Amino acid sequence: MEHVNYSVVNFVFYEEERNNVLHAGSIFIYERIRAHP
Numbered sequence: 043m044e045h046v047n048y049s050v051v052n053f054v055f056y057e058e059e060r061n062n063v064l065h066a067g068s069i070f071i072y073e074r075i076r077a078h079p
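Residues 43 to 79 (the numbering used here) are what the sequence shown spells out, left to right.
By construction, these hints were calculated from the structure, which means they are not laboratory data. A few of these clues could be false.
Pair by pair, the computed Cβ-Cβ distance ranges are [unchecked claim]: (1) 47 to 77: 38 to 48 Å; (2) 70 to 49: 38 to 48 Å; (3) 48 to 78: 39 to 49 Å; (4) 69 to 48: 30 to 40 Å; (5) 47 to 78: 42 to 52 Å.
It should be emphasised that the depicted structure is a prediction, and the values quoted were computed from it without experimental measurement. All residues carry an ideal CB built from backbone N, CA and C; glycine is no exception.
Taking the hints into account, I'd like the entire structure generated from these sequences.
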């Protein structure tokens, strides 16, 4: 049971990290488009 809980926590953490990276990438792309219309 502990192994399952650890896997769930690890998956949630991974998802959070992935969302942060995608969000940062979106801001970066938006800034480039805005800087070079």
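Hints, verified against the model:
no., hint, result
1, 47 to 77: 38 to 48 Å, "45 Å, holds"
2, 70 to 49: 38 to 48 Å, "31 Å, violated"
3, 48 to 78: 39 to 49 Å, "45 Å, holds"
4, 69 to 48: 30 to 40 Å, "32 Å, holds"
5, 47 to 78: 42 to 52 Å, "48 Å, holds"
Consistency note: the structure conflicts with earlier hint 2 alone.
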